[in-house]
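Undergrad: The whole structure should be built from the sequences, with the hints applied where relevant.
So the sequences go chain by chain: A and B. Heads up: the first sequence at position 124 corresponds to 950 in our numbering, and the numbers run straight through without jumps. Heads up: the second sequence at position 343 corresponds to 1315 in our numbering, and the numbers run straight through without jumps.
If you are wondering where the hints come from, they were derived from the structure by calculation, not from laboratory data. A few of these clues could be false.
[Unchecked claim] Residues from chain A that face chain B, not an exhaustive set, calculated with beta carbons under 10 Å:
1. Leu844
2. His856
3. Thr899
4. Asp903
5. Ile922
Every residue, glycine too, gets a C-beta built ideally from N, C-alpha and C.
Now for the letters of each chain:
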Amino acid sequence: MNPHDGHRGRIVVGTLGLDQHEVGAMAVAHLMRRNGFEVIYLGKHNTPRRFAATVESEDAQVIGVSIHSWELTAYADELVAAAHDLGAALVIGGSILTETDRAELEDRGVDAVFGPWAREDQIVSTLDELVAAARDRQARDAAAGPTDGGGLT
Amino acid sequence: MTDTVGAEAGSHSDSGIPLASTYRPSDGGSRNYERELGDPGSFPYTRGQRAGDPTAGWIQRELSGEGSPRRSNEQFHRLLAQGATGLDVIGDTPTYTMLDPDHPMAKPAVGSAGVSICRRQDFVELYDGIPLEQITASQSLPPAFAIAGIYLCARERGLDPRVLRGSAINPPLYGEDSSYSVFMPVELRLRMSLDAIVFSMREMPRFHHFIEDTYYIADGGLNAVEEMALGFIEIREITRRLIARGHHVDEFAPRIAILVDCRMDIFEEIAKIRATRRLFARMMRDEFGATDPRSLAVNVTVHTSGMSLTAQQPINNVIRGAIQALTAAMAGVNAVEISTFDEPFRTPSHTAHLVAMRTQQVIAEETGVARVADPIGGSWYVEHLTDELERRIDAEVRRIESLGEIADLVQSGFFRTIMHSGMDRYAREVLDGERRVVGVNCHPAIGDEDELLRDIAELRFESDDSHIERIREWKTTRNLRQVEHALDQVRAAGDDRSADLMAPIVAALNADATTGEIAFVLRESYGQPGDPFA
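TA: In structure tokens form, the structure reads like this:
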């Protein structure tokens, strides 16, 4: 796929809760854009509900949450449910994440977790896989028509 | 990649000043010693604020605040026992946002990145056993509440507030766009800041009521010129507004101080601090008519850069902190806080506090850095950088001020764009490898090298959830009629745009209203949702 054709996938990026550290979110948004992903950038003070509403309105495939706060622990399950209800993938990244966190978050259903050890090529290839899978799920859901178990509005 | 260490570094400083490969007397600028430099303690104070004992050193303190006020108080006492000579406390994000800890958005963040403060009793517990007339506490808390809180705390223990020392950061212009969102319009933020300053001038004359904190503005990725230009714009705006209220500059300028960032370009950071002193002195004398030497000789303190620290190879952060603290000491600052090695992961652990304190103590006790004032003064390179930074900071201030009213620029998002561009630029420079960061884009860890100090850096502390419950229960025990009456007074003052806000805020805190409740009615008074997340 041409990495610059603008259709590599749509990703909603932001920080969570009262966490005001935005540098990581900007860095990862930059990384995604230069690799051909479309980024819908939400900035600070987002809730799982806001991420989900944006995925729905923007037809995005991935929620990307950048964190520098332990608030994540409180929101992780709600985020997983919000993303998966819409067929989207949930990716969480941040320098504070440890290998232990990665295992725990993946157990809770987060699709990918990137700590400070993540390499750009790893991030991009993982996003490619998650976008492809999300597109398949969303296409199937669209073909099946609306259900009353749909996404958050 | 060819490993030509230093080849790129010779081309320009971190803020973009072109650099020659060597400097000579003709490059040194500042050729008129008396006019440009002067002796330490003499106008224009380039070489430092103090003419007296240069071995007095600096206040050694470390960022603290974790969980409840009681837990944070234990941190204070531990640091003082380790030799800290001042305190530096930061509120958690709900405290700074002015949301009470039992607010649904606050609960996941209570105490995890600072101390949770929402009431008068919290200040009393926070400073329990601390001699506030001797030990200075630098407070990164909402300024009106920080000043009201420490005032009430002194009153409660029978201490005359006039002897209180310490300081409060006061970030009315930029907080919303960087890391201190309070969900209030700029005019309300300015009004609260100004009223708090005037209250402090009158009631707590030894207290530094206006810390211009350029650290938090800059540490998202701004360079030294942008950092100080924005800092000076805020100082100038506050100064103009206080003068417009009828105060003479010499009434308040002696209690302004500047808390700056200190990153890795060490000579530029020294030059920045020297240029800042000179700019401040000239501005206060020539533009605002100050004559009191205390109004001209600004107190500069340093918080070393958290942004420069990395999650990779956390032990490298000890080295970065030591270099930056030594830089600050060479610049002759009044106080230093080192961002600790675990900063990429958490607020400081006990071990990290100890390492940072010992770092400062080794610098202070063993290197002799403070034996002579302004030891770098006269370096042709540093004098050139000082002149160049002064010129560039001043030009940027003039450029921005020519664009319109500062409050309008804030509201239009002008400064937000500068900050976001800085963040994006920094992130791109690291990603692209243009800015070399050891362990991140060069010299990666081999084998288990990445494990050094990692277990400590990654150690999580227990959350202080019981504090949330304690506040919730306490709220039900209050005299609600008294609380509501006090909040009505705050609302009435908020609605009357010419009224003083501090008297009703102090009274409301004293009547057991919380900071979240007070902020709620003030936001509503300015047509905003009282609860920004409702």
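Undergrad: Does each hint fit the structure? Answer for all of them.
TA: Going down the list of hints, with the structure as the test:
1. Leu844: holds, 4 Å
2. His856: holds, 6 Å
3. Thr899: holds, 7 Å
4. Asp903: violated, 12 Å
5. Ile922: For Ile922 of chain A, the interface hint holds, since the closest Cβ of chain B sits about 5 Å away, which is under 10 Å.
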